[in-house]
Amino acid sequence: MPLLIGMMAAAMFAFTPVTPLVLAVSLIGLGLGALLGWQRARLVRIEIDPVTHELSQRESPLALLFLLGIVGLRAVLRNIGAQEAAVFHVSALIVTDALVALAFGLVAAQRLILFLRVRALLAEVRA
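Per this note's numbering, the sequence shown starts with residue -11, numbered consecutively.
Hints in this document: simulated from the structure, not taken from any laboratory. Given the structure is predicted, the values throughout are model-derived calculations rather than measurements. Each statement offered as a hint is correct.
Computed spacing ranges between beta-carbons, pair by pair:
id, residue 1, residue 2, range
1, 16, 57, 16 to 26 Å
2, 4, 115, 43 to 53 Å
3, 12, 39, 50 to 60 Å
4, 65, 38, 35 to 45 Å
5, 62, 39, 35 to 45 Å
Just so you know, even glycine gets a beta-carbon here, dropped at the ideal spot from N, CA and C.
Please work from the sequences and hints to get the whole structure.
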């Protein structure tokens, strides 16, 4: 999933002129997405069976509510970006680039944090 979103983001940047404003807004979106992904990964419960080393993960109810909040935030930002683009002299492409960067940051950070947690838990169980 991070690879797919990363390829989509790279394609969008390849076909859109990257101005300093686009770069700054996209980096802010990426950073915000990474923070949201890190928080979301913290809300996932991971368990490893000590005998079989079988992995299981569960999302807490708070994690699901957090995800709904992220989707709601994205919808609000998209609507504000579309409505206020003319006022702030920002094109819809900049808003789209920022939201794609946010999605990539969220998914990539979440997967990275989950991978690091699982690796640490497996090392602990095997020791």
